[in-house]
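Novice: The residues making up each chain are set out below.
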Amino acid sequence: MSIGMKEVEHVANLARLALSEEEKRLYAEQLGAILAYVGQLNELDTDGIEPTSHALALVNVLREDEERAPWPIDKVLLNAPDAEEGQFKVPAVLE
Amino acid sequence: MSLFDLRLQEIHNRFARKELSVSELVACSFDRIRQVEEKVRAFLTLDEEQARARAAELDKQLSDGGPRGLLFGLPGGIKDNIVTEGLRTTCASKFLANYEPIYNATVVERLNSAQSVTIGKLNMDEFAMGGSNENSAFHPTYNPWNTEYVPGGSSGGSAAAVAAGEVYFALGSDTGGSIRQPAAYCGVVGLKPTYGLVSRFGLVAFASSLDQIGPLTKSVEDAAYVLQAIAGHDPLDSTSARVDIPDYISALSGDVKGLRIGVPKEYVGEGVAPQVREAVFAALRELERLGAEWEEISLPHTRYAVATYYLVASSEASSNLARFDGVRYGVRADNPDNLIDLYRKSRSEGFGSEVKRRIMLGTYALSSGYYDAYYLKAQKVRTLIKRDFDKAFEKFDVIVGPTTPTTAFKIGEQVNDPLTMYLNDILTIPVNLAGIPAISVPCGLVDGLPVGLQIIGKAFDETTVLRVAHAFEQHTEHHKLRPQL
Numbered sequence: 001m002s003i004g005m006k007e008v009e010h011v012a013n014l015a016r017l018a019l020s021e022e023e024k025r026l027y028a029e030q031l032g033a034i035l036a037y038v039g040q041l042n043e044l045d046t047d048g049i050e051p052t053s054h055a056l057a058l059v060n061v062l063r064e065d066e067e068r069a070p071w072p073i074d075k076v077l078l079n080a081p082d083a084e085e086g087q088f089k090v091p092a093v094l095e
Numbered sequence: 001m002s003l004f005d006l007r008l009q010e011i012h013n014r015f016a017r018k019e020l021s022v023s024e025l026v027a028c029s030f031d032r033i034r035q036v037e038e039k040v041r042a043f044l045t046l047d048e049e050q051a052r053a054r055a056a057e058l059d060k061q062l063s064d065g066g067p068r069g070l071l072f073g074l075p076g077g078i079k080d081n082i083v084t085e086g087l088r089t090t091c092a093s094k095f096l097a098n099y100e101p102i103y104n105a106t107v108v109e110r111l112n113s114a115q116s117v118t119i120g121k122l123n124m125d126e127f128a129m130g131g132s133n134e135n136s137a138f139h140p141t142y143n144p145w146n147t148e149y150v151p152g153g154s155s156g157g158s159a160a161a162v163a164a165g166e167v168y169f170a171l172g173s174d175t176g177g178s179i180r181q182p183a184a185y186c187g188v189v190g191l192k193p194t195y196g197l198v199s200r201f202g203l204v205a206f207a208s209s210l211d212q213i214g215p216l217t218k219s220v221e222d223a224a225y226v227l228q229a230i231a232g233h234d235p236l237d238s239t240s241a242r243v244d245i246p247d248y249i250s251a252l253s254g255d256v257k258g259l260r261i262g263v264p265k266e267y268v269g270e271g272v273a274p275q276v277r278e279a280v281f282a283a284l285r286e287l288e289r290l291g292a293e294w295e296e297i298s299l300p301h302t303r304y305a306v307a308t309y310y311l312v313a314s315s316e317a318s319s320n321l322a323r324f325d326g327v328r329y330g331v332r333a334d335n336p337d338n339l340i341d342l343y344r345k346s347r348s349e350g351f352g353s354e355v356k357r358r359i360m361l362g363t364y365a366l367s368s369g370y371y372d373a374y375y376l377k378a379q380k381v382r383t384l385i386k387r388d389f390d391k392a393f394e395k396f397d398v399i400v401g402p403t404t405p406t407t408a409f410k411i412g413e414q415v416n417d418p419l420t421m422y423l424n425d426i427l428t429i430p431v432n433l434a435g436i437p438a439i440s441v442p443c444g445l446v447d448g449l450p451v452g453l454q455i456i457g458k459a460f461d462e463t464t465v466l467r468v469a470h471a472f473e474q475h476t477e478h479h480k481l482r483p484q485l
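Going down the list, the sequences are from chains A and B.
Quick note on our numbering: the first sequence kicks off at 1 and runs consecutively.
Quick note on our numbering: the second sequence kicks off at 1 and runs consecutively.
Don't read these hints as lab results, they were simulated from the structure.
For glycine and all other residues, C-beta sits at the position ideal for the given N, C-alpha and C.
There could be a bad hint or two in this list.
[Unchecked claim] Chain B regions said to be covered by chain A (calculated; three or more residues, Cβ under 8 angstroms):
id	segment
1	62-70
2	322-328
3	376-389
4	442-453
[Claimed, not checked] Straight line, CA to CA, 30 angstroms or less: simulated BS3-like cross-link-like pairs of lysine-lysine:
id	chain 1	residue 1	chain 2	residue 2
5	A	Lys89	B	Lys39
6	B	Lys94	B	Lys18
7	B	Lys39	A	Lys6
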């Protein structure tokens, strides 16, 4: 099975990846092969089978809503590519 | 003979008798690294100054007397997807090439409490995605048994460093076999604990429902010690289990009389190299000599495990890796047109091709219109795979087979064939899907390359898994073999 270029572009956009034309072709081919392989799961009848999202069935792990010491700002910004006035700086979000 | 060939207890006895200092033991690590690291390339970052300072502190504590931690003075390496405060942590990705964590992973805190000495950060496949360590953005790691061969992955650096005698123990992580497969390829012990036994806080997430941290060591006893130090509930990890932690070390009784072993026919059939199969059957005969019994069983959904895993793991990865956006840490592209462009360019610059491939696969499998057919379907097959194990464990104490279908392959042999690479994990993957524990122990050599025996146990039954592995190990000579570097 193959995936079309349009499909590859759509998925790349969702994944926030910028792919070169060559990468798009490569992934279309490789993903096509992988998807063909995983298609074998359709051989199995899974009607009425509950999905397993976690091997350990934990539910609603909560803690008390107690205030804890926050990280100091200088630590939080330690690896920031760009920062100003104690905040992360990014390109404009709004026009 | 290296100091690292001494049993842990013997090292601790020598510390107590003042015949050995921590500084000497740590120096042993760095000497060995200087000797062999050029050929093995297991490390991404060495922390020599800090390690020697820590050794000096521990030596002072030795002379002052007082209680010592469980792993006192032992030099350890840590896979580079486990965060270490103030020590560069890269996940072997360009994206995090200069990332300096501001906190320690819980397992690192626990190693520090147990008083081991961190030597450095170990190479891996980028973001733990791979089975050969060739996906490291920086450089490959080489198998100490034959440096033309891969050490396995994604904890390739961890396995190689232990096999090469550069560290006494290492921590790795295992999502589809990433501790056990390199352990098998490198002739060392590798344990993946039950999901939830060891905290994932500070482990850079790949697939949250599958990832577990575990030890790589040269003996089962050492693995038991390291597990003892790191296992246990962590309030900082909401997926960590609230279970009592048994004494793993005293469980190593050497006794397997009456043990019931199941050997899945799917694990020893076509696709497994004949000599690997032979080594496994020889191991089973050894276990029989020790009083265990084995029988062929079937885990009928085994053949669907790789497909299930690649959908589940890639989907979870696509979500987990969304955080790498260039805003708060990591690579940030120059001159983006806008915010979305910043994300796109930073991620594309920072991620390698295997990572991008899995993000693409996972995003596709989760996207509208495909979610039911792919991700949800895989989750249901996961239930069937888990049920196969549940059923087998009604009659058997452990399940045994080879860890990998073949011994290590040559560097470069599979890089252009992702699907073949994925199939190397066919024997390890089902264990992660079911969330149960498994260990790989060396059980022989084929053409100079190690073979691993995999012992799989019930959830939270590490004591049985370790006991069986230890008994087998102590009655054979495989664990005494060392690569000639």
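Novice: All the hints need checking, so say for each whether the structure fits it.
Specialist: Cross-check of the supplied hints:
1. 62-70: violated (count 0)
2. 322-328: With 5 residues in contact (Cβ-Cβ under 8 angstroms with chain A), the coverage given for the segment 322-328 of chain B holds.
3. 376-389: holds (count 10)
4. 442-453: Answer violated; 0 residues pass the 8 angstroms Cβ test.
5. A:Lys89 with B:Lys39: This hinted pair is violated, its Cα atoms lying about 43 angstroms apart.
6. B:Lys94 with B:Lys18: With Cα atoms ~45 angstroms apart, B:Lys94 and B:Lys18 exceed 30 angstroms; violated.
7. B:Lys39 with A:Lys6: violated, 45 angstroms
When each numbered hint is compared with the structure, violations occur for hints 1, 4, 5, 6 and 7.
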